[in-house]
Structures are given as C-alpha cells and as structure tokens.
Amino acid sequence: GAGVSQSPSNKVTEKGKDVELRCDPISGHTALYWYRQRLGQGLEFLIYFQGNSAPDKSGLPSDRFSAERTGESVSTLTIQRTQQEDSAVYLCASSLGPGANYGYTFGSGTRLTVV
Amino acid sequence: GDSVTQMEGPVTLSEEAFLTINCTYTATGYPSLFWYVQYPGEGLQLLLKATKADDKGSNKGFEATYRKETTSFHLEKGSVQVSDSAVYFCALSVLQGAQKLVFGQGTRLTINP
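These protein sequences, in sequence, are chains A and L. Position in the first sequence (from 1) plus 134 gives the number in the working numbering. Position in the second sequence (from 1) plus 34 gives the number in the working numbering.
Isolated chain A, as found in the complex (with noise of 0.2 Å):
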C-alpha cells in the first residue's frame, strides 16, 4: 500500500484481557519500529524489527508485550493480560533501514482504552 496501515484504529477492552494489534507497512520496507503515547506524552520505543535479524526488544514495558513479524511483512503487537496504565497509543512505522538514514513512515496508530 502507499502508506503504513495500523488496525484496528481503535479498540475498547475489558482489564485482563489480551489485545492484538496489527501492522502492514510499506512494501519493501526492512524495518518496523513500534512506539506507544501514552496521553500528554511523548512517543516511548518499544521494539525494532530489521529484515530477519533478531528484533530489539528494549523498549518493552514488560513481559505482558510481545511482537512478531514474520520476513518484511505484517506485523503484529500483543498485550496479554491488560491493565488500565496499557491505556495509550500505538504507533507502527517503516523504514527502507535502520531509520535515521532513510526515514520513518508512521501509521496512524491504534488508540487502546482498558477499562
């Protein structure tokens, strides 16, 4: 597609429940970064994909976080077990590489609410 797309746009959950978030980026894009705003704030890194090498993940809050991404496709983020503080957006964005060179494509992000 021309753009990063992000799905749901939103999404409403029960406290303890698990979510999936989804991102499609830019065809030919090697890397995917996932970042959360929390309301007010800046964007937190979360975890970097970059072709098939191993992702970083060191900007996971904790262990309920996780995300795959299978070759230079789809991604996806999920919580497990969601608590209200999970309560922000999530932005996906793509990069032809290692970001600071080539740029960051941003989707437009999935707005969680835990209730």
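It is possible that some hints are incorrect.
As the list claims (entries may be wrong) - Where chain L lies over chain A, by a calculated footprint (3+ residues, C-beta under 8 Å):
no., segment
1, 179-191
2, 219-233
3, 237-249
To be verified - If we take Cβ atoms under 7 Å as the criterion, some of the chain L residues that face chain A in the derived model are:
no., residue
4, Leu78
5, Ala132
6, Gln133
7, Lys134
8, Gly138
9, Gly140
Just so you know, these hints were derived from the structure itself, not from any lab. Just so we're clear, the structure is a prediction, and the values are computed from it rather than from any experiment. Note that the Cβ used here is the ideal one computed from N, Cα and C, for glycine as well.
With chain A held as given, fit chain L onto it using these hints.
Chain L alone, transformed into the frame defined by chain A:
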C-alpha cells in the same frame, strides 16, 4: 542515555506571530535531529530534519538549525497560520543499532485567527 527536552506547552499565538519552540538534546553519539508534527486526527508526519552540525532543515516555512555547541534544534516560523495548529515533537536518532527515534514530550500549538 539519549534524551530530548522540548518546550512545554500548550502554546497559543495569534495568526502571523513569530513562533519558536525550543528543543535541546543529550546523545552519546552524533544524532540526526527531527521535528515531527501531528495534526488533529492525523498520524505523525516528518516536518523537517538535519543530519549534521550547522545543517538547517526547512519545510512549509518552518526552520530549525542543528547547533552542536548548544545541543539544540529549535523550531522557528516567521508568520504562523491557523493551519499550523498541531502538536510538534522534537526527536533524535543515533546512527547505531536500531536507530530508533527518541522523542520529546511534544508541544501543543494553537493559532488563533
């Protein structure tokens, strides 16, 4: 670790006023610096960037100069418009590892007609 500090908002200006949003950074290497903008209801968009000291990024009338000596990347525009109302994020990316973006907390700008 790497970090970005930007001017706290919200900022409210009248149309045609001069805008400055301050941004300073701390980085272990030589980062690339970015300004991103988030218009109401839209995704994050790159506004401008600079990759080395003394570079000036510019777009849509906005400018920012990479100042290594003051570790700053302040955003400026000479005459703002109502359509510039948005949240602005300063960010850096270091040329190693994941090259992830490190963001400031964002500054909400409102321009009144």
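Coverage of the segment 237-249 of chain A by chain L, judged on three or more residues with CB within 8 Å: holds (count 6)
Minimum beta-carbon distance criterion (7 Å), Leu78 of chain L to chain A: holds, 4 Å
Claimed coverage, the segment 179-191 of chain A by chain L - three or more beta carbons nearer than 8 Å: holds (count 4)
Hint check: 7 Å Cβ-Cβ cutoff, Ala132 of chain L to chain A: holds, 4 Å
Restraint check, 7 Å cut-off on beta carbons, for Gly140 of chain L near chain A: holds, 5 Å
Restraint check, 7 Å cut-off on beta carbons, for Lys134 of chain L near chain A: holds, 5 Å
Chain L covers the segment 219-233 of chain A, three or more CB atoms within 8 Å, holds or violated: holds (count 4)
Residue hint Gly138 of chain L, partner chain A, criterion CB-CB below 7 Å: holds, 5 Å
Interface hint outcome for Gln133 of chain L [beta carbon to chain A under 7 Å]: holds, 4 Å
Every hint, counting from the list given before, is met by this structure.
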